[in-house]
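Guided by the hints, dock chain D onto chain Z, whose structure is given.
Protein chains in written order, with our numbering: chain Z, 1 to 112; chain D, 1 to 111.
Calculated from the structure, these hints are not laboratory results. All figures in this text were calculated on a predicted structure; none of them were measured in a lab. Some hints could be false.
Just so you have them, the derived chain D footprint on chain Z, three or more residues with Cβ under 8 Å [to be verified]:
no.	segment
1	53-59
2	100-107
Chain D regions said to be covered by chain Z (calculated; three or more residues, Cβ under 8 Å) [stated by the list, open to error]:
no.	segment
3	15-24
4	70-84
Which residues of chain Z face chain D? A partial, calculated answer using Cβ under 10 Å [what the hints assert, rightly or not]:
no.	residue
5	C12
6	N30
7	Y34
8	Y36
Heads up, the beta-carbon is just placed ideally off N, CA and C, and yes, glycines get one too.
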Amino acid sequence: DAKTTQPTSMDCAEGRAANLPCNHSTISGNEYVYWYRQIHSQGPQYIIHGLKNNETNEMASLIITEDRKSSTLILPHATLRDTAVYYCIVRVWGGGADGLTFGKGTHLIIQP
Amino acid sequence: DVKVTQSSRYLVKRTGEKVFLECVQDMDHENMFWYRQDPGLGLRLIYFSYDVKMKEKGDIPEGYSVSREKKERFSLILESASTNQTSMYLCASSGTRDEQFFGPGTRLTVL
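If we strip away everything but chain Z, and leave its shape as in the complex, we get (with noise of 0.2 Å):
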């Protein structure tokens, strides 16, 4: 699996977006970028993934860059609940069968 670089910390003021940005220079053609995000003291969620076009649900939004070295998730309108450890993970798609391996992450503060 490629691997990412993140920032290890980020502040965010609420009700703004809250943008974070993960690098994979070394992504494969058939690697996807997977986000999830692990509160204090909770199991991680899973939150999106893409392969190389953005991707939006009811969390977040995925945007990868054309030349899918890095992508940026992006949190619409961060809350206090958003305070979180953000995972950037690169893999083949495992049809989930594959365990995953997280790194250290972005820990994103909210602040009121």
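Here is chain D on its own, set in the frame of chain Z:
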């Protein structure tokens, strides 16, 4: 609402004890996973199962075994607990959509 439940949130055991961690999912998922999470080391895969009675070793299976007798239940067993197995244990399940649903975790302390 989809759910993965784990038998305990907190557990304290003594060195040498046999420890069972239970995980149940209600989503009819084929795949289930056990991870441990330690500060500075991230999430590491211990074992996973893609079908009843099937199991596969993950990255750190030593000192652990698993059991999957029913589709909804996946158990992690520490045959003889040791202090270096003090950790947060997370169970997850997934179907074919490749998104994993995690339980709340069990914080195990081995004294």
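Now the hints, each set against the structure:
no., hint, verdict
1, 53-59, "violated (count 0)"
2, 100-107, "holds (count 5)"
3, 15-24, "violated (count 0)"
4, 70-84, "violated (count 0)"
5, C12, "violated, 23 Å"
6, N30, "violated, 13 Å"
7, Y34, "holds, 8 Å"
8, Y36, "holds, 8 Å"
The structure fails to meet hints 1, 3, 4, 5, 6 from the earlier list, while all remaining hints are met.
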